[in-house]
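Since the structure of chain A is provided, determine the placement of chain B on it from the hints.
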Amino acid sequence: MTVLGHIPYISLAGGHRPWPRALVGDEGWHAAIDRLAAGELTLLGLWGDAGTVHMALLDEASDIAVLSYTCNDGKYPSVGANHAPAVRFERAIRDLFGLDAAGSPDTRPWLDLGFWDVEQPLGKRAAARKTASYAFLPAEGEALHQVAVGPVHAGTIEPGHFRFTANGEHIVRLEQRLGYAHKGVESIMAGASLEQAAKLASRVSGDSTVAYAFAFAMAAEAALQVQAPPRAQYLRALAAELERLANHLGDIGAICNDASFALMHAQTSILRERTLRAADACFGHRLMMDVIVPGGVAREISPDGISQVRGLLAEIRKIFPRLVELYDNTASLQDRTVTTGIVRPEYARRFGAGGFVGRASGRKFDARRMPGYLPYGDLAFETPVLEAGDVNARVWIRIREVEQSLSLIEQILGRLPGGKIRVSAEPKRAECEGLALAEAFRGDVMAWLRFDADGRVARCHLRDASWFQWPLLETAIKDNIVADFPLCNKSFNCSYSGHDL
Amino acid sequence: MRRTLFESFAHGPLTEPSPGAGEAELAELAQSVNRAARTTLGRSLSIRQVDAGSCNGCELEIHALSNAFYDIERFGLRFVASPRHADVLLVTGPVTKNMREALLRTYNAMPEPKWVVAAGTCAANGGLFAGSYAVAGGVKNVIPVDLHISGCPPRPVELLRGLLALLERP
Numbered sequence: 001m002t003v004l005g006h007i008p009y010i011s012l013a014g015g016h017r018p019w020p021r022a023l024v025g026d027e028g029w030h031a032a033i034d035r036l037a038a039g040e041l042t043l044l045g046l047w048g049d050a051g052t053v054h055m056a057l058l059d060e061a062s063d064i065a066v067l068s069y070t071c072n073d074g075k076y077p078s079v080g081a082n083h084a085p086a087v088r089f090e091r092a093i094r095d096l097f098g099l100d101a102a103g104s105p106d107t108r109p110w111l112d113l114g115f116w117d118v119e120q121p122l123g124k125r126a127a128a129r130k131t132a133s134y135a136f137l138p139a140e141g142e143a144l145h146q147v148a149v150g151p152v153h154a155g156t157i158e159p160g161h162f163r164f165t166a167n168g169e170h171i172v173r174l175e176q177r178l179g180y181a182h183k184g185v186e187s188i189m190a191g192a193s194l195e196q197a198a199k200l201a202s203r204v205s206g207d208s209t210v211a212y213a214f215a216f217a218m219a220a221e222a223a224l225q226v227q228a229p230p231r232a233q234y235l236r237a238l239a240a241e242l243e244r245l246a247n248h249l250g251d252i253g254a255i256c257n258d259a260s261f262a263l264m265h266a267q268t269s270i271l272r273e274r275t276l277r278a279a280d281a282c283f284g285h286r287l288m289m290d291v292i293v294p295g296g297v298a299r300e301i302s303p304d305g306i307s308q309v310r311g312l313l314a315e316i317r318k319i320f321p322r323l324v325e326l327y328d329n330t331a332s333l334q335d336r337t338v339t340t341g342i343v344r345p346e347y348a349r350r351f352g353a354g355g356f357v358g359r360a361s362g363r364k365f366d367a368r369r370m371p372g373y374l375p376y377g378d379l380a381f382e383t384p385v386l387e388a389g390d391v392n393a394r395v396w397i398r399i400r401e402v403e404q405s406l407s408l409i410e411q412i413l414g415r416l417p418g419g420k421i422r423v424s425a426e427p428k429r430a431e432c433e434g435l436a437l438a439e440a441f442r443g444d445v446m447a448w449l450r451f452d453a454d455g456r457v458a459r460c461h462l463r464d465a466s467w468f469q470w471p472l473l474e475t476a477i478k479d480n481i482v483a484d485f486p487l488c489n490k491s492f493n494c495s496y497s498g499h500d501l
Numbered sequence: 001m002r003r004t005l006f007e008s009f010a011h012g013p014l015t016e017p018s019p020g021a022g023e024a025e026l027a028e029l030a031q032s033v034n035r036a037a038r039t040t041l042g043r044s045l046s047i048r049q050v051d052a053g054s055c056n057g058c059e060l061e062i063h064a065l066s067n068a069f070y071d072i073e074r075f076g077l078r079f080v081a082s083p084r085h086a087d088v089l090l091v092t093g094p095v096t097k098n099m100r101e102a103l104l105r106t107y108n109a110m111p112e113p114k115w116v117v118a119a120g121t122c123a124a125n126g127g128l129f130a131g132s133y134a135v136a137g138g139v140k141n142v143i144p145v146d147l148h149i150s151g152c153p154p155r156p157v158e159l160l161r162g163l164l165a166l167l168e169r170p
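Line by line, the protein sequences give chains A and B.
Residue 335 in the numbering used here sits at position 335 of the first sequence; the count goes up by one each step and never skips.
Residue 56 in the numbering used here sits at position 56 of the second sequence; the count goes up by one each step and never skips.
Bound conformation, chain A alone (with noise of 0.2 Å):
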């Protein structure tokens, strides 16, 4: 049965493609979060709108429907005080929007540090207030002690703040403040034209600037009822998987340098450099930025580009199993590895956590197979699992979608079918809305859209895997050790950009 089977809903918004968004009263709220509770369902995101509040929801065994609160006095029902993932979604919802989440558990700011001139920018847009002090969760007991770090950290790291309460060196707690990096996306993509809107896409977090702009295209051609061209397809997936290559052969070098192990930071360094390299040759960009757009892709693949990625796999394939090797039996390095953060797989289920904190602890999801999107159906590959949840397994899961990844470039290069690289996406003169998932190198990214009737973007959400996996770093680090963290937290490898938007 789909989503919306046994959910009571009102009536269905016309013009959401490609699954229904429904409206929905006090009982289909209700239903919804008992199912979510209940682990029947997965949360996809849960985002604002003017006096209404969207949830987009996930039954791996069938479909993807979005439910439609609308707020009186701009409240509704708190999602999260029966399911724990939409807590810091509606502490985002309050800051941005003002609507308020009825019977939350946590009721302090999230993206809102204080620095900002308005409050509720998407809102009523007031001068800002002097706001209270933040209160970070409390721990007491004898010995222990608070380490604050960040939000400028030691490397060339992203900003963020964490707040570890240890007892020596075990760490009891751990809690993240994020939003240092919140540019207000949101407001900006508001009245955006199409084309503006997908460049902004492609800058929520440029480590997946493809997959972010695959999954804002994919919604606009939903919403538009356009389809790229085969060969735009095909491309699409080209430079998907070169960007996921980059990231897993950047992630597995670094992990091990933050174990002190340099020498495979070095040599990942030079097949992810290669692989950039290649991506340049290509498509004229290191990162592949802005080559995925609404209607197809930008510009043709070069024909030197081709030749250096058939390189790339040979040389990857030359190298690459030597160094996972050289990672299974360095026994220093196993010892830091094996056993250290734990994400449990019921947490990795009920959060619905992407990508390879996913993977590594049991939950096999991955957008490129549901709900699934061209040209990975005609595509032969395998999504990697396992269950032990600690960094070896992250890393191991890394390695997997490696040798994945080359034998999807492989294949794709093997029948890069001819003809166009772009339809025209012309908004149409008329209200409209999509949805789509695409598979980022750390987990599914979901973007949402609305179209006004002068065919510019009214609304668009987009959503990182992050959401779902930073709260998971927070167990994942208790009663590790305070040196521990940086290993664990570049095994999770979050987004700060994309999460904080």
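Please keep in mind that the hints were generated in silico from the structure rather than gathered at the bench.
Hints should not be assumed to be uniformly reliable.
Chain A is faced by these chain B residues, among others (derived, beta-carbon under 7 Å) [as the list claims (entries may be wrong)]:
#  : residue
1  : G53
2  : N67
3  : A81
4  : H85
5  : K97
6  : N98
7  : T106
8  : S132
9  : Y133
10 : V135
11 : V157
Under 7 Å between C-beta atoms, here's a sample of chain A residues computed to sit facing chain B [claimed, not checked]:
#  : residue
12 : L12
13 : F115
14 : E119
15 : Y180
16 : H182
17 : S193
18 : R203
19 : D207
20 : D452
Where is the CB? At the ideal position from N, CA and C, for every residue including glycine.
Frame of chain A, contents of chain B only:
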């Protein structure tokens, strides 16, 4: 491991020749108010990087500067953890309002003489995020900037050209 190490010796270094200092960057530096300090700083600079709310694209390319191809340390440029040890503050991002104070405090923690390099389109003028309620819109709106390196993100070789301009004597 032995095989990997041995091969590294056998195939010779991957490190590429210096791209030289960038013309545009040299021209901008010639106008810089801190010009007098350049002789004092000499041929070696310590860099403290601060992400003031970038999309992390610039960080990826700054990381690449340390790989075998660019090997930034051979030029006497190195990244340091503390602003107290730094000569150069390398800033990325449109400077979100939420990062403004942290950036200021980092700048104030650096000893004189010091330089500020703004890397990337966002750091120059806020980029696509200019005009948002949440960004200050460029590093120069918060602290004085001596050098801009353009690009979205700048390629490692462009970052290198810009940073090498800092080492040229006036």
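Against the structure, the hints come out as follows:
no. : hint : in the structure
1   : G53  : holds (4 Å)
2   : N67  : holds (4 Å)
3   : A81  : holds (4 Å)
4   : H85  : violated (11 Å)
5   : K97  : holds (4 Å)
6   : N98  : holds (5 Å)
7   : T106 : holds (5 Å)
8   : S132 : holds (4 Å)
9   : Y133 : holds (5 Å)
10  : V135 : holds (6 Å)
11  : V157 : violated (10 Å)
12  : L12  : violated (34 Å)
13  : F115 : holds (4 Å)
14  : E119 : violated (10 Å)
15  : Y180 : holds (5 Å)
16  : H182 : holds (5 Å)
17  : S193 : violated (12 Å)
18  : R203 : holds (5 Å)
19  : D207 : holds (6 Å)
20  : D452 : violated (20 Å)
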